[in-house]
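Trainee: Dock chain A against chain H, hints included.
Chains H and A, in that order, are what the protein sequence lines are.
The numbers in the first sequence follow the working numbering, run straight up by one, and end at 813.
The numbers in the second sequence follow the working numbering, run straight up by one, and end at 271.
The set of hints was computed from the structure by calculation and includes no laboratory data.
Please note: incorrect hints may appear among the correct ones.
Here chain H is said to cover these stretches of chain A; the calculated rule only asks that three of the stretch's residues, wherever they fall, bring their Cβ under 8 Å from a Cβ of chain H [to be verified]:
1. 128-138
2. 228-235
Taking beta-carbon pairs under 10 Å as the criterion, some of the chain A residues facing chain H (in silico) [to be verified]:
3. 85
4. 109
5. 125
6. 174
7. 182
8. 198
One-sided excerpt, in silico: chain H residues whose CB lies under 8 Å from chain A [what the hints assert, rightly or not]:
9. 713
10. 718
11. 719
12. 721
13. 722
14. 731
15. 735
We treat Cβ as the ideally placed atom computed from N, Cα and C, and that holds for glycine.
Here are the chains, one letter per residue:
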Amino acid sequence: MAPRPLPMALRRAGQGTRARTGPPRRPGTLAALLVAALCLGPLVPLLLRSGEGGLGAADAAALRFTLLQAALSAGLSVALAIPVARALARRRFPGRGALITLLGAPFLLPVLVAVMGLLALFGRNGLLNAALAALGLPPVSIYGLHGVVLAHLFLNLPLATRLLLQGWLDVPAERFRLAAALNAPVWALIERPMLARTVPGAFATIFALCLTSFSVALILGGGPAATTLELAIYQAIRFEADFPTAARLALLQYALCGAAALLALRLAPGAMGQGGPGRAVQRWDAKGRAADALWIALAALFLLLPLGLAGWRGLAGLPDLPPEAGPAALRSLGVALAASALTLLLALALALHGGRLAQLAGALPLAASSLVLGTGLLLILRPLTTPATLALPVTALLDALAALPFALRSLAPAIAEIESRHGRLADSLNLTGPSRLRRLTLPLARPALGFAGGLAAALSVGNLGVIALFAGEDQTTLPLLMARLMGAYRMDAAAGVGLLIAAMALLLFWILDRMGRADAAP
Amino acid sequence: MLRLDSLALAQGDFRLTADLAVPPGTWAALLGPSGGGKSTLLSAIAGFLPPAQGRVLWNGQDLAPLPPGQRPLSILFQDGNLFPHLTAVQNVALGLSPRPRAPDRARAAEALARVGLAGLQDRRPAQLSGGQQARAALARVLLQDRPLVLMDEPFGALGPALKSEMLALARDTLTARGATVLLVTHDPADARAAADSVIVVAEGRAHPPAPATSLLAAPPPALRAYLGP
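So that you can see chain H by itself, here it is in the shape it has in the complex:
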């Protein structure tokens, strides 16, 4: 369907000169204020509590490590994604669509479960070390910088591949035909310039994501040489009750993430949209077939092997599930549903409002990692109440904020499309306010709402973040339970919990996405 910009242009031209029509906007203003208060408010106690004293040696090391691992992770992800995306863009083979769908899975996959899969492959008792031992070679360790980078590569190579693949798919097919007709070099003429445009954005997006790495660093990092800022914040609060240091680190992390998010938004405004698999473009420069096959096979293996191992170990670990798993699952479900509902409310209000305000409010949570916000909230709440009693509501709130940018990216285009297609008819029928919402917007936006809600719920179920700061024994969610089991080296039980988390995340996404699509209007 071709975009029809005229009605929106007309609507904008008409604002302020007559009674307002179009979708309701006031809820969007309120939502933006709420998001701003939640993202900026916790800065106040952080600033007040950070006190004097600059960064200690350990803090500087954490900063250095955070930047180093994010740069390495993003650089490797993008570098390896280039040959994989190129192979996917120019080859047609059975299972291509399935593989590209699978590339979207690590985004929904709980980070802890991914780490569990990597441990099964590269860990102390993993397949790799078993093979090395059989050959009489010394074992390798996955812990430290290379382990953190490996995990980030596993989590972000698929995203990088999808972003770059979109770059290839956006090149009009005619241009490849023209290059073939002229016998011109495709790489120099088409692909290199395209990559020069897309690679910086992909790098910046993944760099920003890796900056906020908490779970990966918690399991695979640690120690003075491999601690991220987020991990350092957690340790300062949980182990040393050193709140001024935590506040200083949180401010530093806030500034870092804000700068990185700004950069990523500038360089890749559309990153993380839902690009379809697209068709492989007919190509005439068919050399390198074997190399392409190898790249695709390696990437698939690198993704599937840890996933398969995590699933296998999880099945084996199910009998070892601790009794706390049941209540923890219920808590995780409740938190996920609450977070999902709140994300949808905020995203819907912002999408209906549209414009710069919605863009800003949607980007703000990217700068404010939930661990940093959690630290600020903890400083506010600690004098007033026992933080543990608020662990679950705070987690739901911050999970909702964390999912907001992604929800908005799926919902905002859908709402804009509805308004551009049907807005004038609705205006001419005096369909405004709540009736417009009930009769026009909600029914037609249902698929996007389902997708966004599913995404938010799945992300929340798998997220280990602020809950680690707040929770006591009675507020354990599934990711926290899993992290505690891994910390106690009860790997079988942890794998079982991991399977439970992954199943819940995928199931929640599937159900909510289905609810949106079922019986949707054409």
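Mentor: Using the frame of chain H, we list chain A on its own:
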């Protein structure tokens, strides 16, 4: 009576002026080249495009403060006149109220029967043919019962036979109520068949209405350039 009082419209580089009146009960065809501003003029009258200068008056009242849905008019667009997720009867009932109740739906069903769609009221637009969709949209206009009706080539996508059938149906039903109708078309045959007078929209100006038969028999230069020899 509809009066465009020294109206000037601006949209990017495009300019259109109009200073004219349409007598009540008239069927006026807006005729002219595509891109000439016919749809833009309709948008301004409907309230989607605020005028750069001048006024749109209905019976002496300036329509500027009224949003589109509260103006004394109905509009039929080129396409997208029905919401795809609502049934025919739900679509038509929206002409009566943004929150239709059972009595509204009953009247909507009657209106659908009047345009020959009895029994199809629970179908969604995708389950209706192009002609049936046009009938459903017309049913809503009938039900709205506003004194001014704007038609932006609503039957343009239909075949010639179906189009003249729809125009005849619209003419029969709307003339009986004494509605003033502005009909955008680029086909002089439509103007000849359905309109009493013609407003030529060309070269940045909407000319005052002139009787259809005499105008088409001896077209002025602006219209002749469009119609060709």
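Trainee: Now tell me if each hint is right for this structure.
Mentor: Hints, verified against the model:
1. 128-138: As far as the segment 128-138 of chain A goes, the hint holds, because 3 residues have Cβ atoms under 8 Å from chain H.
2. 228-235: violated (count 0)
3. 85: With a minimum Cβ separation of about 6 Å from chain H (threshold 10 Å), the hint on residue 85 of chain A holds.
4. 109: holds, 4 Å
5. 125: Because about 6 Å separates residue 125 of chain A from the closest Cβ in chain H, which is inside the 10 Å limit, the hint holds.
6. 174: Interface hint status for residue 174 of chain A: violated (16 Å vs cutoff 10 Å).
7. 182: Nearest chain H Cβ about 8 Å off; hint holds.
8. 198: Because about 15 Å separates residue 198 of chain A from the closest Cβ in chain H, which is outside the 10 Å limit, the hint is violated.
9. 713: holds, 6 Å
10. 718: holds, 4 Å
11. 719: holds, 5 Å
12. 721: holds, 3 Å
13. 722: Holds, because the Cβ-Cβ distance from residue 722 of chain H to chain A comes to roughly 5 Å (cut-off 8 Å).
14. 731: holds, 7 Å
15. 735: holds, 6 Å
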